[in-house]
Structures are given as structure tokens and as C-alpha cells.
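**Student:** Once you've looked at the hints, dock chain S against the given chain C.
Residue strings, one per chain:
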Amino acid sequence: METKTTTAAQQFYTDYNKQVHMIGRIIVAITIVLLLGAPLTMGAVLGVSPDWAAFAKGWAQVAIIYWTSGVIEFLIYAPMLGSGASYLAFITGNLINLKIPCAANARDICGTTAGAPENDVVSTLSVATSSLVNIVVLAVGVMCLVPLSPILSNEALQPAFENVIPALFGALAFKYFSQSLKVTVIPLAAMCIIFVLMPSLISNVSMLILVSGALAIGIAYLLYKNNKL
Amino acid sequence: MSILENLNTPLMFIIAAVPIIFIALTCLFFLVKSYRAGLAMGMDKKKLKTAITSSATFTVLPSVSILLGVITLSGTLGIPLPWLRLSVIGALHYEGNVADIAARASGLPGGLGSGVLTAQTFVTIGMVMTAGILIGAILCIFVLKSYLAKVNKTGGKAKDEKASGKKPFGDVVFSAMFIGLVSAYIGSYLGTGTSQGNWTPLIVAGVSAAAMGIFEYFSRVKNVKWLDNFSMACSMLVGMAVAVVINM
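Line by line, the protein sequences give chains C and S. Take the first sequence: its position 71, counting from 1, is numbered 71 in our numbering, and each next residue is one higher. Add 1000 to the 1-based position in the second sequence for our numbering, that's all there is to it.
Just chain C, with the same shape it has in the complex:
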């Protein structure tokens, strides 16, 4: 990618990044307050407050799984996304099934390199656009919930909507597997064997992603170190 290689451009990126972190932190803090405030306000309207004992019990059960995987997701995905996109992605959600593949797709099309300032810009554009489109689609969908319901709940179309994620990961499989078959073979074979032998793990794919990802990164590291990539 052709960019201004002057120190002025580098200085601009440094200043931009500083601003992004400052604004990002403030916005995320406000978002957390707004998000926690929403159910509490709904409760106030209904004249009730949460059952705090049940909340603590439910939260503990959820946190064991989702706070653990959330920390790992943060450590893995934040460097991929860069600063601006990270602040947006972690408050707009749908990370694995939408934002990460979307940013990766944009990055691939634009030919940017992970960790580079250009990648930061492209990822931010991608996650911001994706979040806005998702918000608009859902807002329009909710407004049209009554007229849209017969179409969306049409029995013939259900298999299509139930298989959006396999369709997404199938398309991504071609993109990434074809880039490096050497890295692909072992994690893919390992995951196929694990899920065939232990189908009970199918409901915990998000945990297995971490195992598979670590395996792929380990293999990639060895190949890279030995100049085999």
C-alpha cells in the first residue's frame, strides 16, 4: 500500500491513535453505564428491581465461561483489529460471527498488513460500517416485524437462515485454507477427529476455537521459524 512515508504522516498516526484511545475509553465507559442502565430502567418502569441473589448466581455461572473466553478473545482479536476497531467491536458485539470475519475480509481486499497503521484505519472503517449496517437492518427489521414475520418465519426458508454461519465459515474456509495448506492440515484434522469422537463438544465450539487457534499458531510459528512458509 502506497502511503506517505514521511515523519509527518507517522506523527499524524501517533496523534490520531492517542485521540482514538482517549475518546474510545470515554465512549466505552458511557456505553457500559447505558447498557447496564437499560434493564434497570425497564425494571423501574415495571416497578421492580433485579433479584440480586439470582443475578449473582446467574452471573457467576455465565462469567466462568464467558469472562474466561472473553479475556482470551480480547488478547487474540485486539491486535488483529487495532485500536479504533477494538473499541467499536467490543461494544457492538457479534465478534466471531460478524465483526472479525468482516474486518478480515476488508483487510484482505485492501491488502493491508496486521499491525500497520493502514490496517488500523481499514479495520475501523470495516467494523464501524458493519456495526451501522447491523443496527439499521435490525431497526428496520424490528419496525417491520409484523409484515416481515411471515417471510422470515416461512418454513421453507428456515434451513437458509439456520445455516448462515456454516455458509459464512465455508466461504472463509476457502479463503484461508487456500492461503496456507501446511498450517491447515493438522488443526482441521484434529478438530474433525475431536468432534466426531466427542459430539457433546459441538455446543462448546467457542472453547475449541481457542485450542484449534493455538495449534494453528504453534504450527505457523514453527514453519515460519524454519522458513517453510
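Simulated from the structure, these hints should not be mistaken for laboratory data. The beta carbon of each residue, even a glycine, is placed where N, CA and C say it ideally should be. Fair warning: there could be bad hints in the mix.
[Said to hold, decoys possible] List of simulated lysine-lysine pairs, DSBU-like, C-alpha gap at most 30 Å:
#	chain 1	residue 1	chain 2	residue 2
1	S	Lys1033	S	Lys1153
2	C	Lys182	S	Lys1153
3	C	Lys228	S	Lys1045
4	C	Lys182	S	Lys1225
5	S	Lys1167	C	Lys225
6	S	Lys1153	C	Lys225
7	S	Lys1145	C	Lys225
8	S	Lys1167	S	Lys1049
9	S	Lys1225	C	Lys18
10	C	Lys182	S	Lys1167
11	S	Lys1046	C	Lys18
12	S	Lys1049	S	Lys1225
13	S	Lys1222	S	Lys1033
14	S	Lys1033	S	Lys1150
15	S	Lys1150	C	Lys18
16	S	Lys1049	C	Lys18
17	C	Lys18	S	Lys1167
18	S	Lys1033	S	Lys1049
19	C	Lys228	S	Lys1222
20	S	Lys1222	C	Lys182
21	S	Lys1167	S	Lys1145
22	C	Lys18	S	Lys1153
23	C	Lys18	S	Lys1145
24	C	Lys225	C	Lys182
25	C	Lys18	S	Lys1045
26	S	Lys1167	C	Lys228
[Claimed, not checked] With the Cβ distance kept under 8 Å, some of the chain C side facing chain S (calculated, not the full set):
#	residue
27	Thr14
28	Arg25
29	Ala29
30	Leu34
31	Ile109
32	Asn134
33	Val142
34	Pro147
35	Lys175
36	Val196
[Unchecked claim] Reference listing, derived: stretches of chain S covered by chain C, where coverage requires no fewer than 3 residues with Cβ under 8 Å from a Cβ of chain C:
#	region
37	1017-1023
38	1057-1071
**Tutor:** Below, chain S alone, put in the same frame as chain C:
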């Protein structure tokens, strides 16, 4: 008024709309800011626009699927809360599961939808769903800046690698992580086929991959570059269409 009617009043929609509008404005702000930053850094305007259009087309189909998640949850939690959750911080695979855990913790032993939902149970579920997914946002406030600074220290190294003609290791890790992610899903589809006899996800993934291969051929080999923006969405559509056909 039933509990569901109470949950679907205009006031509830307004309460849900406040964070959604705030986050939409945030996205718009970052979109403009990063676009201007890209231009100031000398990036090609065409590429910046491509990043936006390709991301928009990429998002439409998954968003429709996320909308179905809203519809599914709206039967038990009303429309405003699932709309809020899936428009912003939530995740499709997370919401139903966590709502169910929260419902059980709130005294519905059969889980969400198994008994009469009270207003207090609803608020408790909403709080668990929100607090249960906040870790990423909290880490962004306290850790992101220093963490990225640490990771980017290897940036100079990456530039040296690039200069020496070697692929930057950051790129290798990125691709490897994605290979791991996709491998886990493909493996789970095979497991679904062998254990439940449901081969549709695997077939859909295979067809989408084949469609993507055809699009990539035209885009990379035949140089039909405009296809890049639509290849992902179109490949998904082909796969989804096959799901309808094999289930007829």
C-alpha cells in the same frame, strides 16, 4: 396487560433505543475519523471506499440471521431487550444460552420459556445478559492502550521483515488464528453430520467454499476486481440456497 405486552410498550422501545442511538453515533464518528485519517496518511481513496462497501455487503446476510435471533427471543423476552442486545454488545450464540442460564438462576427450573416470566425475572435476566458479556469492554478501558503498545513494539520488527521480503509474523499469526477458527467450525459440522445425521451444515459450508473458489478465480486470475466486494455475500447466498433445496 400481560407481561409481554408490558415489555413491548413504546416506552420500553425508547429505553432500548437510547444506547443503540449512542453507539450508532459512535460508529459514525469513528467512520468519519478513520476515513479522514486514512486520507491524511496518504491512503488511496478508492481502497478506503472499498473497505466500506465490502463491509456493508458482507454484513447484510449475517444481520438478517441476527434479526432472526431477535425474533426468536422476542417470544419470551419481548422485542426491545433482544433488539438492544443484538444491535449492540450481544452475540447471536451468546444471548439465548445466557438468557436460559439466568432464567434457571431466577427460579425457572426448566429454563427460559418453561414457566410464566415475572417482571423481576425479566430484569434479572437482562442484567445477567449485560454483565455477563462486559469483560471485553472493561479490558478496552483499562488494558487496550498498553496491550497494543506492547504488541506494536514488534511493529518495527515487522517492517524489517517486510523490507527483507519475508512475510510479517503478525500476518502469519492472523491467518493461523483464522485457520484455527474456521477449522473448529468445519470440524463441528462434520461432528453434527456423524452424530445427528444432519449433514446440511457441512454441505452448505462445502458449497459456499466452492462458490468462493469460483469468485476468487474470477477476481484473482481473471482480474474481475469488483467481484471482491460481493464474493463473500454471494458465496453465502449460494450455500444458503442449497440448504433450502436439500431440505425441500
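**Student:** Could you run down the list of hints and mark each one as holding or not?
**Tutor:** Taking the hints in turn, this is what the structure says about them:
no., hint, verdict
1, S:Lys1033 x S:Lys1153, "holds, 24 Å"
2, C:Lys182 x S:Lys1153, "holds, 28 Å"
3, C:Lys228 x S:Lys1045, "violated, 36 Å"
4, C:Lys182 x S:Lys1225, "holds, 27 Å"
5, S:Lys1167 x C:Lys225, "holds, 12 Å"
6, S:Lys1153 x C:Lys225, "holds, 19 Å"
7, S:Lys1145 x C:Lys225, "holds, 29 Å"
8, S:Lys1167 x S:Lys1049, "holds, 26 Å"
9, S:Lys1225 x C:Lys18, "violated, 35 Å"
10, C:Lys182 x S:Lys1167, "holds, 15 Å"
11, S:Lys1046 x C:Lys18, "holds, 26 Å"
12, S:Lys1049 x S:Lys1225, "holds, 14 Å"
13, S:Lys1222 x S:Lys1033, "violated, 35 Å"
14, S:Lys1033 x S:Lys1150, "holds, 24 Å"
15, S:Lys1150 x C:Lys18, "holds, 15 Å"
16, S:Lys1049 x C:Lys18, "holds, 24 Å"
17, C:Lys18 x S:Lys1167, "holds, 28 Å"
18, S:Lys1033 x S:Lys1049, "holds, 14 Å"
19, C:Lys228 x S:Lys1222, "holds, 29 Å"
20, S:Lys1222 x C:Lys182, "holds, 26 Å"
21, S:Lys1167 x S:Lys1145, "holds, 26 Å"
22, C:Lys18 x S:Lys1153, "holds, 16 Å"
23, C:Lys18 x S:Lys1145, "holds, 9 Å"
24, C:Lys225 x C:Lys182, "holds, 14 Å"
25, C:Lys18 x S:Lys1045, "holds, 23 Å"
26, S:Lys1167 x C:Lys228, "holds, 11 Å"
27, Thr14, "violated, 11 Å"
28, Arg25, "holds, 5 Å"
29, Ala29, "holds, 6 Å"
30, Leu34, "holds, 4 Å"
31, Ile109, "holds, 5 Å"
32, Asn134, "holds, 5 Å"
33, Val142, "holds, 5 Å"
34, Pro147, "violated, 13 Å"
35, Lys175, "holds, 6 Å"
36, Val196, "holds, 5 Å"
37, 1017-1023, "holds (count 5)"
38, 1057-1071, "holds (count 13)"
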